[in-house]
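J.: The primary structure of each chain is shown beneath.
Number of protein chains: 2
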Amino acid sequence: MAEDKKLVREITPMDEDFAQWYTDIVKKAELIDYSSVRGCIILRPYAYAIWENIQAELNARFKATGHENVYMPLFIPESLLQKEKDHVEGFAPEVAWVTHGGNEKLQERLCVRPTSETLFCEHYANTVKSWRDLPKLYNQWCSVVRWEKTTRPFLRSREFLWQEGHTIHETEEEAREETLRMLNVYADMAESCLSMPVIRGRKTDREKFAGALETYTIEAMMHDGKALQSGTSHYFGDGFARAFGIQFSDRQNNLSYVYQTSWGVSTRIIGGLIMTHGDDSGLVLPPRIAPIQAVIIPIAAHKEGVLEKAAELKAALENAGIRVKMDDSDQSAGWKFAEYEMKGIPVRIEIGPKDIEKGQCVIVRRDNREKAFVPIEGLADTVKKTMESLQNDLFTKAKKSLDSRIYEAKTLSEMKETIESKAGFVKAMWCGDEACEEKVKEVTGMPSRCIPFESEKVSDVCPVCGKPAKHTVIWGIAY
Amino acid sequence: MAEDKKLVREITPMDEDFAQWYTDIVKKAELIDYSSVRGCIILRPYAYAIWENIQAELNARFKATGHENVYMPLFIPESLLQKEKDHVEGFAPEVAWVTHGGNEKLQERLCVRPTSETLFCEHYANTVKSWRDLPKLYNQWCSVVRWEKTTRPFLRSREFLWQEGHTIHETEEEAREETLRMLNVYADMAESCLSMPVIRGRKTDREKFAGALETYTIEAMMHDGKALQSGTSHYFGDGFARAFGIQFSDRQNNLSYVYQTSWGVSTRIIGGLIMTHGDDSGLVLPPRIAPIQAVIIPIAAHKEGVLEKAAELKAALENAGIRVKMDDSDQSAGWKFAEYEMKGIPVRIEIGPKDIEKGQCVIVRRDNREKAFVPIEGLADTVKKTMESLQNDLFTKAKKSLDSRIYEAKTLSEMKETIESKAGFVKAMWCGDEACEEKVKEVTGMPSRCIPFESEKVSDVCPVCGKPAKHTVIWGIAY
Chain E
338 MAEDKKLVRE ITPMDEDFAQ WYTDIVKKAE LIDYSSVRGC IILRPYAYAI WENIQAELNA
398 RFKATGHENV YMPLFIPESL LQKEKDHVEG FAPEVAWVTH GGNEKLQERL CVRPTSETLF
458 CEHYANTVKS WRDLPKLYNQ WCSVVRWEKT TRPFLRSREF LWQEGHTIHE TEEEAREETL
518 RMLNVYADMA ESCLSMPVIR GRKTDREKFA GALETYTIEA MMHDGKALQS GTSHYFGDGF
578 ARAFGIQFSD RQNNLSYVYQ TSWGVSTRII GGLIMTHGDD SGLVLPPRIA PIQAVIIPIA
638 AHKEGVLEKA AELKAALENA GIRVKMDDSD QSAGWKFAEY EMKGIPVRIE IGPKDIEKGQ
698 CVIVRRDNRE KAFVPIEGLA DTVKKTMESL QNDLFTKAKK SLDSRIYEAK TLSEMKETIE
758 SKAGFVKAMW CGDEACEEKV KEVTGMPSRC IPFESEKVSD VCPVCGKPAK HTVIWGIAY
Chain X
338 MAEDKKLVRE ITPMDEDFAQ WYTDIVKKAE LIDYSSVRGC IILRPYAYAI WENIQAELNA
398 RFKATGHENV YMPLFIPESL LQKEKDHVEG FAPEVAWVTH GGNEKLQERL CVRPTSETLF
458 CEHYANTVKS WRDLPKLYNQ WCSVVRWEKT TRPFLRSREF LWQEGHTIHE TEEEAREETL
518 RMLNVYADMA ESCLSMPVIR GRKTDREKFA GALETYTIEA MMHDGKALQS GTSHYFGDGF
578 ARAFGIQFSD RQNNLSYVYQ TSWGVSTRII GGLIMTHGDD SGLVLPPRIA PIQAVIIPIA
638 AHKEGVLEKA AELKAALENA GIRVKMDDSD QSAGWKFAEY EMKGIPVRIE IGPKDIEKGQ
698 CVIVRRDNRE KAFVPIEGLA DTVKKTMESL QNDLFTKAKK SLDSRIYEAK TLSEMKETIE
758 SKAGFVKAMW CGDEACEEKV KEVTGMPSRC IPFESEKVSD VCPVCGKPAK HTVIWGIAY
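Residue numbers (this note's numbering), protein chains in the order written: chain E, 338 to 816; chain X, 338 to 816.
Hints are supplied without guarantee of correctness; some may be wrong.
The list makes no distinction among identical chains, and a pair is therefore deemed to hold if it is satisfied within one copy or across any two copies.
[Said to hold, decoys possible] No farther apart than 25 Å at their CA atoms in a straight line, the calculated lysine-lysine pairs in the DSS-like style are these: (1) K466 <-> K365; (2) K759 <-> K691; (3) K737 <-> K486; (4) K734 <-> K804; (5) K759 <-> K646; (6) K422 <-> K486; (7) K673 <-> K778; (8) K466 <-> K364; (9) K721 <-> K734; (10) K442 <-> K466; (11) K466 <-> K673; (12) K776 <-> K722; (13) K400 <-> K651.
Simulated from the structure, these hints should not be mistaken for laboratory data.
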């Protein structure tokens with residue numbers, strides 16, 4: 338059995354080959370399957386259920402902050418994409434082009450949306466007339482396409498699912514507030530639901546979104562010390578409004594341009610979840626977004642009363658609102674343990690004849706494998722408390738890992754030595770000059786991740802040019 | 338004011354120009370906006386909220402019947418689409434083709450999915466090994482693209498939102514059961530949530546889905562007597578399984594092919610909703626799927642205590658789980674009445690100083706405009722009862738309209754005269770020969786809608802060839 342279990346379940350250890358470990362997990366936890374279109378993946382039920390839970394968490398937050406969901410077309414005419422100069426330059430090289438409908442060649446090529454600013458702008462220009470129509474706080478859930486050369490499940494695929502918020506406002510101040518509000522919504526969701534600590538900050542101009550005046554980001558650190566940009570929020574000023582003619586008559590009866598934002602989180606964050614919490618036995622899911630929070634495994638299920646008791650426990654947990662599964666299949670207990678560890682189910686409950694006699698059952702936490710004998714009476718409360726601890730402990734552990742792997746460096750060579758010898762982020766100063774940023778990238782291989790909102794300075798000068806430093810910057814290799 | 342109201346709100350009366358009435362409603366109730374891609378519409382917040390409510394109703398039913406949601410890629414390689422002969426013949430002429438990714442020409446064209454049988458088949462062939470892996474009961478929510486020549490909002494657009502269920506089974510019997518189970522799920526949702534009575538039946542071979550052995554349908558009747566195919570469920574036998582090699586080792590350890598189904602409902606059903614219940618003042622929405630179920634309009638809102646009382650009512654209704662909006666904007670009451678009638682909000686509540694004195698408020702039903710003075714005490718219960726009656730009355734009215742407009746005909750000329758003089762469906766016999774079906778279409782302009790599950794025969798012979806009749810058929814002009 339032990340061997341059989343190994344044969345079926347074994348994945349490459351993380352330390353041996355991190356990339357292979359990741360690939361093994363996404364396949365063996367049945368998250369994805371490859372399709373015959375390179376770079377497009379199939380989200381199997383387990384991955385999609387995780388995404389649905391993330392959607393529900395975000396939707397609740399979007400609604401609480403006054404947003405409404407809409408649906409824009411999949412296609413953007415080439416001429417529409419070209420209306421905003423920076424935007425088209427950023428996206429045109431990586432879009433998929435539809436050239437034929439049925440047997441006929443189209444008069445104008447259509448791109449499959451890589452993002453929908455242009456469509457929202459066109460709609461806003463058609464519908465907004467007065468300051469009374471503002472703000473418009475729209476969001477859409479959809480898939481977008483970017484013709485990437487190198488692809489990896491969740492992290493970078495040619496098609497991916499996401500939400501994109503697009504809002505327009507009467508004033509610059511309101512739009513700026515919105516930009517930061519939504520970044521904080523993302524950070525809160527990542528930290529409280531996914532137990533994924535993030536650094537909040539602003540992107541440098543070099544790294545910002547095509548067409549944005551400012552891009553804000555949440556950056557997470559993966560097990561291997563690399564960064565994952567996990568959500569971004571953009572402030573556009575009135576740039577798109579001018580390009581698309583989104584004008585309204587303001588409170589003084591003058592024609593004004595709207596101020597605009599957009600913000601997005603994608604299925605990429607599932608990749609982040611895997612690489613923040615997973616271990617050599619598979620996924621580890623935070624209870625708040627786990628499709629199955631607890632699994633009940635009857636031991637010696639053929640013995641009288643075991644299945645009945647297991648079903649009773651299941652009903653009790655379900656009634657308490659816990660997402661629970663009972664596995665009474667004819668697979669061995671060992672197979673089941675491995676299976677549900679692979680799937681990262683937070684709590685395992687074992688119940689056998691001896692346990693029943695003693696009015697107890699065994700509960701095992703997925704993250705640290707802590708095992709406890711607990712009374713059957715009040716099990717739902719026990720499971721809830723266990724899940725709460727697990728949720729918090731995952732965060733604490735990941736936060737410690739993040740904090741302890743941000744290394745300060747004062748010179749360019751120190752930056753280079755640090756990233757070459759250690760997995761993690763490098764914190765260093767920057768004068769604000771793009772040439773120095775380029776130089777860091779060239780020498781160390783690290784692009785800037787962000788200018789964090791909260792951080793103390795490392796020194797007073799730019800490690801590249803030696804001029805006075807304006808910003809503290811987090812640098813890192815990124816997915 | 339009355340004039341102002343007219344100017345803003347007026348729509349073309351249904352009797353004058355039904356098509357224009359429909360177009361006016363979709364625009365003026367703020368359901369959709371046109372985009373610059375012909376035939377692709379924008380679902381504005383109000384339409385999308387209706388769709389989300391329909392999704393929730395269907396998702397609950399899919400889950401209760403054991404289905405799981407997944408996500409398949411947007412693109413299908415041309416070679417994959419061609420694997421099942423009938424299927425590709427049906428869809429190839431109306432798909433959109435992606436030929437370029439970024440600046441490079443693709444080695445193989447990709448079509449934007451018009452439906453996803455081929456993708457599901459490929460995935461099933463890759464993942465299913467044994468009878469223990471069966472059944473697979475998958476569903477996906479997505480948009481699909483069909484390059485239609487003539488388009489109309491909701492009813493026929495080049496891109497539309499839908500769900501597509503795709504299941505595979507061990508036995509023919511199970512797959513057949515599934516096909517009918519899902520048709521009944523659709524019929525139940527349409528009738529109990531949308532108050533839209535439907536005829537359940539089987540499509541003739543001429544009208545069935547490309548690649549299916551049998552197609553089942555729910556057909557609704559619109560105000561103008563035309564049919565709307567509102568949901569379909571297909572039984573494939575093992576045709577796709579053979580084309581795609583979906584084999585499993587069965588309980589006798591032999592290699593067998595799976596039996597397959599697919600079924601779908603789209604945003605087209607929102608068009609059905611409009612044309613089943615709408616009137617010359619706008620939309621009429623059944624409470625169960627109305628995004629806003631009740632609207633509270635304070636009268637003489639500047640008078641002391643009115644806004645407070647209105648807010649109190651709102652809180653009370655919200656607490657009772659009613660989706661409620663209060664409009665305390667500075668628009669006139671007349672404007673608001675027209676606005677919320679246009680949007681089809683089931684219940685309007687008016688509250689003014691005199692009402693407050695008497696401890697009452699006014700409640701007005703959207704469907705029949707019945708007005709009642711009701712005590713403020715227990716208002717939530719009153720509103721709930723009103724909504725229940727409204728929900729049922731809408732169904733009863735539509736059912737009566739459907740039943741009374743199915744006309745029996747015994748000869749081909751009778752069929753022709755009937756459909757030329759009356760709006761509705763024609764019920765007639767059929768020998769089962771496709772040539773006779775073609776003849777009916779040619780002479781009367783009506784394709785067959787379905788062979789209904791429940792119906793009495795009209796005569797013994799086919800009205801075209803005079804041979805013994807095998808089926809009773811519902812014929813009608815369709816959207």
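J.: Now tell me, hint by hint, if it's right for this structure.
T.: Hints and how they fare:
1. K466 <-> K365: between (53 Å within a copy, 15 Å between copies)
2. K759 <-> K691: neither (50 Å within a copy, 76 Å between copies)
3. K737 <-> K486: neither (35 Å within a copy, 59 Å between copies)
4. K734 <-> K804: neither (38 Å within a copy, 80 Å between copies)
5. K759 <-> K646: Neither way: K759 and K646 sit 51 Å apart in one copy and 64 Å across, limit 25 Å.
6. K422 <-> K486: within (24 Å within a copy, 33 Å between copies)
7. K673 <-> K778: For K673 and K778, neither the intra-copy (47 Å) nor the inter-copy (59 Å) Cα distance is at most 25 Å.
8. K466 <-> K364: Answer is between: at 16 Å across copies they meet the 25 Å cutoff, but 51 Å inside does not.
9. K721 <-> K734: within (20 Å within a copy, 49 Å between copies)
10. K442 <-> K466: neither (37 Å within a copy, 42 Å between copies)
11. K466 <-> K673: For K466 and K673, the Cα distance is within 25 Å only across copies (19 Å; inside one copy 61 Å).
12. K776 <-> K722: neither (50 Å within a copy, 71 Å between copies)
13. K400 <-> K651: between (33 Å within a copy, 18 Å between copies)
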